[in-house]
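Novice: Protein sequence lines, in the order shown, are assigned to chains A and B.
Heads up, the numbering used here is the position in the first sequence plus 40, with the first residue counted as 1.
Heads up, the numbering used here is the position in the second sequence plus 40, with the first residue counted as 1.
It is possible that part of the hints are untrue.
Since copy identity is lost for identical chains, a pair holds within one copy or between any two.
[As the list claims (entries may be wrong)] Straight-line distance between alpha carbons at most 27 angstroms, and here's what the computed DSSO-like set of lysine-lysine pairs gives:
no., residue 1, residue 2
1, K185, K68
2, K185, K80
3, K80, K170
4, K170, K157
5, K170, K68
6, K157, K80
7, K170, K185
8, K68, K80
9, K185, K157
Since the hints were made in silico from the structure, they are not lab data.
Since this is a predicted model, take the numbers as computed values, not measurements.
Protein chains: 2
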Amino acid sequence: MLLYNSAVSGNCYKVRLLLAQLGLPYEKVDVSVVDRSGRKELLGELNPGLRVPTLVLDDGRPLAESNAILWYFGDGTQYVPEDAYERAQTLQWMFFEQYSHEPYIAVARFWLAYSGKPEEFAVRRDGVMKGGYAALAAMERHLEKRAFLVGETYTIADISLYAYTHVAHEGEFDLDAYPAIRAWLDRVASQPGHVTIDA
Amino acid sequence: MLLYNSAVSGNCYKVRLLLAQLGLPYEKVDVSVVDRSGRKELLGELNPGLRVPTLVLDDGRPLAESNAILWYFGDGTQYVPEDAYERAQTLQWMFFEQYSHEPYIAVARFWLAYSGKPEEFAVRRDGVMKGGYAALAAMERHLEKRAFLVGETYTIADISLYAYTHVAHEGEFDLDAYPAIRAWLDRVASQPGHVTIDA
Chain A
41 MLLYNSAVSG NCYKVRLLLA QLGLPYEKVD VSVVDRSGRK ELLGELNPGL RVPTLVLDDG
101 RPLAESNAIL WYFGDGTQYV PEDAYERAQT LQWMFFEQYS HEPYIAVARF WLAYSGKPEE
161 FAVRRDGVMK GGYAALAAME RHLEKRAFLV GETYTIADIS LYAYTHVAHE GEFDLDAYPA
221 IRAWLDRVAS QPGHVTIDA
Chain B
41 MLLYNSAVSG NCYKVRLLLA QLGLPYEKVD VSVVDRSGRK ELLGELNPGL RVPTLVLDDG
101 RPLAESNAIL WYFGDGTQYV PEDAYERAQT LQWMFFEQYS HEPYIAVARF WLAYSGKPEE
161 FAVRRDGVMK GGYAALAAME RHLEKRAFLV GETYTIADIS LYAYTHVAHE GEFDLDAYPA
221 IRAWLDRVAS QPGHVTIDA
């Protein structure tokens, strides 16, 4: 398999983390998330969204969207529940991640730590920080009573939300007021086969 | 079942359309998408994202995120493929919808047609229109060679992307240059059991 990858992208890290925990081998092609020229030539036939991660299976078929890739490899393993309601909850948290979490927490991190132009973020900063803290508050309320996001075990929903939450400080989000999230981050990082984002 | 609903929300329409095609009965509670006061009291225990649609199953368990709800009811029916790769592609298009389509096409429509304050949209307009047309271009390229988004039949991926694409003109998106999308919209609307957004 071939993974079009970025070392700093949390979306790509999700895929690397699950593939490591499943023990599945793959090749990587690193793609810049700052210089986006050439994306259409590189990914146009593989991913309509022109984003990384994009994965090419051994038979040449492409698959895109980090959370769809997690589902493809996770389903049928311990990382995706069998119960229909818990499966839907797993998807619920992954859609929450892409709609209510990533566009704020990943975006702040990108602009402040990786874009090379942090000053351009100023005009959007208030709205992005507000959205990010709203997502963290939703996670905190949920995790106050639970060890993991869905059911009682670690699933791809945890992988999905761990990816950008554990580097939220790079976007200047302060997790001091979110003890349930901090304990959950520790639980996720202590799962068998865990690899770090810079592994 | 009880659906916390908005008559104008495309996300809620997705759920109403699938439930109609499956012949599943439910009650509705209409929630404003303009006046968001009281959301936490109404939905706080049911949906960490405090958004509609939120569905409460007959046994009282809640489910949120439009595309997760589609998966819960669609899986095991003709509307979700059985093949593992096609299932992942279905999710791929639904994650594309929430990340690369809805934040542009639904947002332009909301501000211009429903917010009551269309002038406040001016500062964001250029970026939102550009993002929306990028999503439409990705769909057009894909649909040029296909009748439906995944496989050869109508799936919940089509329901998901139909919801806001068919009302994109309310956000002042012009579909004249997208003939494959327009033909696909007609195919979706002619499916058995189809209901309109204002049904």
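Novice: One pair to classify: K185 and K68, alpha carbons no more than 27 angstroms apart. Within, between, both, or neither?
Specialist: For K185 and K68, the Cα distance exceeds 27 angstroms both inside one copy (38 angstroms) and across copies (29 angstroms).
Novice: Using 27 angstroms as the alpha carbon limit, work out where K170 and K185 are close: within a copy, between copies, both or neither.
Specialist: Within. Shortest intra-copy distance 24 angstroms satisfies the 27 angstroms Cα cut-off; inter-copy 42 angstroms does not.
Novice: When Cα atoms must be at most 27 angstroms apart, do K68 and K80 count as within-copy, between-copy, both, or neither?
Specialist: For K68 and K80, only the intra-copy Cα distance (18 angstroms) is at most 27 angstroms; the inter-copy one is 44 angstroms.
Novice: Pop the pair K185 and K157 into one bin, within, between, both or neither, using alpha-carbon distances up to 27 angstroms.
Specialist: Neither: 40 angstroms inside a chain and 40 angstroms across chains, both beyond 27 angstroms.
Novice: I want to check one pair: K185 and K80. Are their C-alpha atoms no more than 27 angstroms apart within a copy, between two copies, both, or neither?
Specialist: Close across copies (18 angstroms), not inside one copy (45 angstroms); limit 27 angstroms.
Novice: Using 27 angstroms as the alpha carbon limit, work out where K80 and K170 are close: within a copy, between copies, both or neither.
Specialist: between (33 angstroms within a copy, 16 angstroms between copies)
Novice: Is the C-alpha distance from K170 to K68 at most 27 angstroms within one copy, between copies, in both cases, or in neither?
Specialist: neither (35 angstroms within a copy, 31 angstroms between copies)
Novice: With identical chains, the pair K157 and K80 could be close in the same copy or across copies; at 27 angstroms between alpha carbons, which is it: within, between, both, or neither?
Specialist: within (24 angstroms within a copy, 36 angstroms between copies)
Novice: With identical chains treated as interchangeable, where does the CA-CA distance between K170 and K157 reach 27 angstroms or less: within a copy, between copies, both, or neither?
Specialist: both (21 angstroms within a copy, 21 angstroms between copies)
In this structure, the hints that do not hold are numbers 1, 5 and 9, in rising order.
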